[in-house]
Structures are given as structure tokens and as C-alpha cells.
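Numbering of the sequence shown is given in my numbering, commencing with residue 1 and proceeding in unit increments.
Calculated directly from the structure, the hints in this document are not laboratory data. Remember, it's a predicted structure, so these values are computed and weren't measured experimentally. Here a beta-carbon is modelled for each residue, glycine too, at the ideal position from N, C-alpha and C. Check before you lean on any hint, since a few could be wrong.
Claimed, not checked - Listed next, with one range per pair, are the computed distances between beta-carbon atoms:
1) Glu737 x Tyr435: 29 to 35 Å
2) Asn636 x Ser422: 26 to 32 Å
3) Ser565 x Asn374: 48 to 54 Å
4) Leu441 x Pro632: 26 to 32 Å
5) Ala456 x Tyr435: 31 to 37 Å
6) His577 x Gly600: 38 to 44 Å
7) Ile274 x Asn374: 55 to 61 Å
8) Asp507 x Asn665: 42 to 48 Å
9) Ile274 x Ile406: 37 to 43 Å
10) Asn665 x Glu598: 28 to 34 Å
11) Thr411 x Tyr435: 24 to 30 Å
12) Arg539 x Glu684: 30 to 36 Å
13) Pro375 x Trp744: 46 to 52 Å
Claimed, not checked - Each computed DSS-like pair below joins lysine-lysine, with the alpha-carbon atoms no more than 30 Å apart:
14) Lys312 x Lys424
15) Lys599 x Lys519
16) Lys510 x Lys599
17) Lys521 x Lys510
18) Lys722 x Lys604
19) Lys603 x Lys487
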Amino acid sequence: MEALARLPRKILSLLLPSRTEGLGTISGVYLPSVLMMLGVVLYLRLGWITGNVGPLAMSGILTLSLLIMILTSLSMTVIVSNMPVGGGGAYYMISRSLGMELGSAIGIALFLCQCFSASLCVSGFAESIHNVLPHIPVKAFEVGSLATLAFLTFFSTRAALSTQFLIFIALLLSFFSIFTGSGATLPPVTEPVLPVLGFWGAFAMFFPAMTGIEIGMAMSGTLKNPARSLPLGIIGSLLSVYVIYLVLSLFLSHTTSLEHLRSDPFIVYRIASIPKLILIGIWGATLSSSLSCMIGAPRMLQAFAEDGVLPKIFAKTFGEKDEPRVAVACTFLITLLINTTTTINQVIPLVAMICLISYGSLNLVVYFEEILKNPSWRPSFRLPWILPLLGGIGCLATMWMFNPLISLVGTSFVLLIYLWVSRKNLQAEWQDMRYSLFFYLYRKITYRLARLSVAARNWRPNILALTQSPLSRENLLHFSHSLTQGKGLQIFASIIPDYFHEDFPLDASKKVFEDFLEKKKIPSLVEICSLKKGYVGVRKLIDAYSFGILQPNTILLPQPDEDFSPEFGKTLQEIYHLKKNILILREQGETSASIFSEKGSKKKTLDIWWEGDNRQNLDLILSLYSTLRNSPLWKNSIATIKMIVDSPQAKENLENYLTEFLETNRVDLEIQIHLLSDCDSPIEMIPYFSQETDLVCLGLRPPEEEESPESYTSYFKQIDEKVGSLQNVLFYLHGEELDLRDMWIFPT
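With the hints as extra help, turn the sequences into a complete structure.
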């Protein structure tokens, strides 16, 4: 007898939340999820959908919906068995795996989704009770009921969850009224009602009724044992709801005709033995769904604030139970705004889309983790990789079955939030799997590239820019970016003297350089190294980046500020013998910054001087010009190819040849060919014809065999002195093995 006396207390201890410990499986996960899924569809749409497709097809719709949700639940179980789960539910799981940006994007969308859901359910409750009390405005019921739910959640989540148990009892009583009723007394349908939904249309109408597990996931931070309660509570709720929907669908099709089901969406009220219990069930279903949202949404808002995505004020808690009252108040205001500005038909499709995006992301997280198999991935519950992949594909396919346009809107909304969070440059205090995922893809692509031969048509500059003081060479950085445009490989290597890094560590220098490039929106790899002299050991630096498929083919150097030393000539020789193209940028004068880093209203001018006897140099500079012309800074520039010849006949022949060549290859270049004067050498005439040009490109001859560094340094110094009056000069030399001639079509 004593054991029987204690039985009710044991049952209540399972159903009601404990006062001293975290929430349990029933009160914290199972009931909120069940009550969220047993909503208005159960009473107003299930019979109508069944009447349209029949009981067999309806069973298929239920089973397919269950499979998608079970796969998502299993994926969620795998995640929580590998990590301690904090507050925020789906946001916490996704952000700790795929990064804060994507987790925040999906999490904020889910938060708004719950606000929309709360508003919709409150509107349904207000409409139904207005039919009983028509003299009171609908808006008064909406605002009053929403404020009451917020009041309950504001002061005690446990009290709010306790009311859910009472609502659950009301739902059970309404089920009793339905299953003890009969359709024998229904009047006959006078006019035939044809089906208006096919299988997929009916699936799209029903599936939102199964989307409620995110409510249970959002309670993860308040659970006593999330790793145990989340999988048990969510999978248990799905199976329970599936049985209820399946049994009720079969019961309705057995007790009434399909014509009656299609003609009367409120058929459950007509056949109920106690119709008033159906009204109570509807009110309980709508209020419970709204309450579930009002409990779960503030916890997500609190998690965003704790991670720095939103202001810290939303993470503030009050009372003995640490209630997030600021987050609750914000949720109430947002839900109230939605309630007064939208209608049910406007938001229901978007709610379903956001839920499916979240579910698909959870499945893909597990899929990626299973194929990457990082040592840190050690869940106690494992799944074959095919199951989460099927779950992700199923969610994606379901989205487009609903409505492709709404799917695009939902995805775009999440993408906009992702971009907004990305611009905040938040630093997460946790590690995620993005590095492993990108490395996995990089390895796959690298192995594939290794099997392909390099072709001239796919050539683009992959630049290694060498400089001693990168922050003082901003023009060089911008020019390199204009050449690569984020599509070619770009590496900035700074060579710092030994004595400098003793006071300023290399890691700190690298961080300053990386932050500078990020601020300027220049994507690049960064390398900081310490050498005794500026050009000593440059070969080792180039060798370090000359392994594998992705390696630089072009070395970009600034012209030395000090007098030329043999080390400079030796460096150029080594780069050439390493089969790399050479670019040397000399930028001086007050207008250099505006030319290389600003778009400006005036069109930039560019002169390409070709000596005529090095065809590979021409191929290189025309290829570089083609990539430079695609950059925003040089897009509308006026470029001219210039040459100096010694006879009128040579001038005419070259003009005809270059005109045909440029037209055939669709290269937008003007042509100027000048005759050599008797008193000047060709190099001495260049400043006269290019004095006002923004950037002048001059070709270099390759080093001769057995030529000394002193000799090649002297050659370069002579050229530099003769064009010393020009402000901005790019010296270029083709050095790589790839023959760029295959990129062009030559006149016959």
C-alpha cells in the first residue's frame, strides 16, 4: 500500500521539473517538442489532407516525414555524444562544428522562426476563441494571450513548463472525445468535392506539423543531462507524434467518407463525442506551441549574446533560477511586432524553409565529421556516413518540393545573416572543423591537379611578392592584388633584418601584416622571415613555396631604395634560373598612391614597351595586361603598345602585324611605333614618349650564361638611370618553362 501511495509522486517527479536540479527528459525536451508538433494541423488540416490523398498515401507522407526527422535526430544524437552541449540548441551544435558565422546565421534564422511560430499560434488561438466571444476584438486576444505567455516565461521557465503538463492533459482529453465519436450522424455531402492536392502538395502541407524538435534542442542549456535527454526526448516525441497522427488519420478515414473529409476541415469537431473538448484541445495546442517558442527562443538569444554575436545585455539573467528576462522581453516585442504586421499565409512557408535549412545543416555536420574522421571526433554513438547524407539531401529536396521561390528567399535570408556576422570579425573561443574540411578538399583538388598538365590557356599569375617593409610598400600590395584579383595564388613575404625581430617578434609582425591585409580586403598568404641582409637567402624562401602544384610562377620585387649592389643582380639571376617570371616595380612621386590603390575619376594610362627581339616577354606582358584589365582599378585604363624601329618599312610592317594580331586576339591596345633618331638609343627615347603615362612597362633581357652578378646589376642600373625621369615603371622578364605562345592566335 505504501508503494502504491508513492506512485503518483514518482510520476509527477518525472513529468514536472525539479526545483533543485536541471530539467529532465520529459519536462525539458519531450513535452515541449510534442506540444509544438501537435498543433493546429492536427485539428484543422489532418482530415482535409487525408481526404485529398487517401489513407494509404497519407501513411506514406507520415512515414517519409518521420524518416527525415529521425535521421536529423540521430545526427543530433551523434553530435551531443561527442561534445558537451551548451545553451542554444541547434545554434550551439552548428557553430561548434561549422563555425560561428554559419551557426549564427542559422541560429538567428531559427530564433526568428520561433517568433513567427509563436505569433501564428497565438493568432490561431485568438481566431478560435473569438468565435465563442465575438464581442471582443481578435487583436485583444492576441496581445493578451501573448503577454500572458511572456509573463509566465519571464518569471519562471519551470512554472511555464509545468503549465505544459496541464495543456498535454487537455490534448489527451480531446483525443478521447475524437476516438469515442462517430461519423454516422453526419449529413450527406450534397455536391461532390474533388481532390485539390496531389501527394507532394499534401506532403508540403503536412510536413511543417513535424517540425518542432528545435524547441527541445533550444533547451539544451537548462537540462540536467543534455547528452542523454536530447536524443531520448526528441526521438521519443517524434515516435509519439507519428503514432498519434497515423492512428487519427486511419480513424478518420474509417469513420467518415473521403468526401466529408475534403469538404469540412473542422471534421474532428463534427464527429467528436464531446465537441467542447475539441475547442479546449485547439486552444491547448495553439497555446502550448506558442509557449514552447516563448521558452526556447530566449535561450537562443541568450546563447548569441554569450558568444558575442549580439550585445551582452541579452545574456543577463535574474532570480534564483537565472532566468534570461531581457531575452524574454526582446522575444515578446519581436513576436508582437510580427503579430501586428503579418498574416499566417505569408510566414508559414518561410518557417518551414528555415527549419529544413537547420535540419539539413545538422545532418551535413555529421556527414562531414564522419568522412573527415579527425582524431577529435570520438562520439559514443556512431552512424554510417550515408545516413546523415541522406538526411541532408532529404531536407534539401523537401525544401524545393514546397516552393522553389520560398526556398530561395529562405536561403538568401540565411546568407545575408551569414555575411553580416562575417563582417563583425568575431573571434570564437572554440575550435571547429572548418580547417579539416578545407584541407580535405584541398588535398582532393591537389591530387586531381597533379594528374593534369598545365596549359597556357589556364595560365594566370601566381605571385610571390618579396619586400622588406610591407606596410611601407602598400602600392606594391595593391598592384599584386590587381594582377591576381583573388583568383591566382598570392603570397606576401616580408624579409626582416635580424636585429629588428629581437624587439618585435616575427609572430607579432605577421599578425600586424595579416590584419593590415584583411582591412584592405587583399586575400593573401603571409610569410615573415629574418635574414642578415635584404636579398641573402631569397632563394631558400622561393624554394619553400616551390613544392607541389600550387606554387608561384611570378616573383614581384620592389626596386631597392639604396644603391644597387651585386646581391640584387644575383637575386634576379637566381629567380630566373629557378624558372620564375620577374616583375620589379618602381613607384615614386606623389601620385603613385592614387594610381595603384584608388580608382579615381580619370582613366589611367599604361604603356607597354617591347624591344622586339624577345617574343616570350611580349607573351608575358600581354597576359599580365589581360588580367590587370579585369581589376576594378584598371578596368577603364587606356593602354598602348609602343616600339622603336630604325626604318619606315619596319614601322609599316609592324603596325600591320600588331593590328591584325590584337584584333584577332581581342586585345584592347592602341599601337604607337616610333622611328629611332640618329642621336639617341632606343632606351633614351622612352621617357620622351611616356613622360605623362601612369605606368610604364619595360622588358628586361635574360641573364647571359656565365654572366656575373656585378655585370647584370650594372645592366639593370643603366636602364633604370636612363628612364629615371619616369615615375612608375614595371620591369618584366619571362622566365618560366611554360610557353605562353599557345595562348595567342598569330596572323598567317
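Evaluation of the provided hints:
1. Checked against the hint of 29 to 35 Å, the C-beta distance between Glu737 and Tyr435 comes to roughly 33 Å, which is consistent with it.
2. Between Asn636 and Ser422, the C-beta spacing of about 30 Å keeps the proposed range 26 to 32 Å intact.
3. Ser565 and Asn374 have their C-beta atoms about 50 Å apart, which keeps the hinted 48 to 54 Å range intact.
4. Leu441 and Pro632 have their C-beta atoms about 29 Å apart, which keeps the hinted 26 to 32 Å range intact.
5. Separated by about 34 Å at the C-beta atoms, Ala456 and Tyr435 satisfy the suggested range of 31 to 37 Å.
6. A C-beta distance of roughly 39 Å is found between His577 and Gly600, which places it inside the suggested range of 38 to 44 Å.
7. In this structure, Ile274 and Asn374 meet the distance hint of 55 to 61 Å, their C-beta atoms being roughly 58 Å apart.
8. In this structure the hint that Asp507 and Asn665 lie 42 to 48 Å apart at CB holds, the actual value being about 47 Å.
9. Taking the beta carbon of each, Ile274 and Ile406 are about 39 Å apart, inside 37 to 43 Å as hinted.
10. Between Asn665 and Glu598, the C-beta spacing of about 30 Å keeps the proposed range 28 to 34 Å intact.
11. Taking the beta carbon of each, Thr411 and Tyr435 are about 25 Å apart, inside 24 to 30 Å as hinted.
12. Distance hint check for Arg539 and Glu684: the Cβ-Cβ separation is about 34 Å, which falls inside the suggested range of 30 to 36 Å.
13. Distance hint check for Pro375 and Trp744: the Cβ-Cβ separation is about 51 Å, which falls inside the suggested range of 46 to 52 Å.
14. Under the criterion of a C-alpha separation no larger than 30 Å, the hint pairing Lys312 with Lys424 is consistent with the structure, at around 15 Å.
15. Restraint check for Lys599 and Lys519: satisfied, since their Cα atoms lie roughly 17 Å apart, inside the 30 Å limit.
16. Proximity of Lys510 to Lys599 is assessed by CA-CA distance (about 28 Å); at most 30 Å being required, the pair is judged to hold.
17. The hinted pair formed by Lys521 and Lys510 meets the criterion: a straight-line CA distance of about 16 Å does not exceed 30 Å.
18. For the suggested pair Lys722 and Lys604, the alpha carbons sit about 23 Å apart, so the restraint of at most 30 Å is met.
19. A hinted pair counts as satisfied when its Cα atoms are at most 30 Å apart, and Lys603 with Lys487 qualifies at roughly 24 Å.
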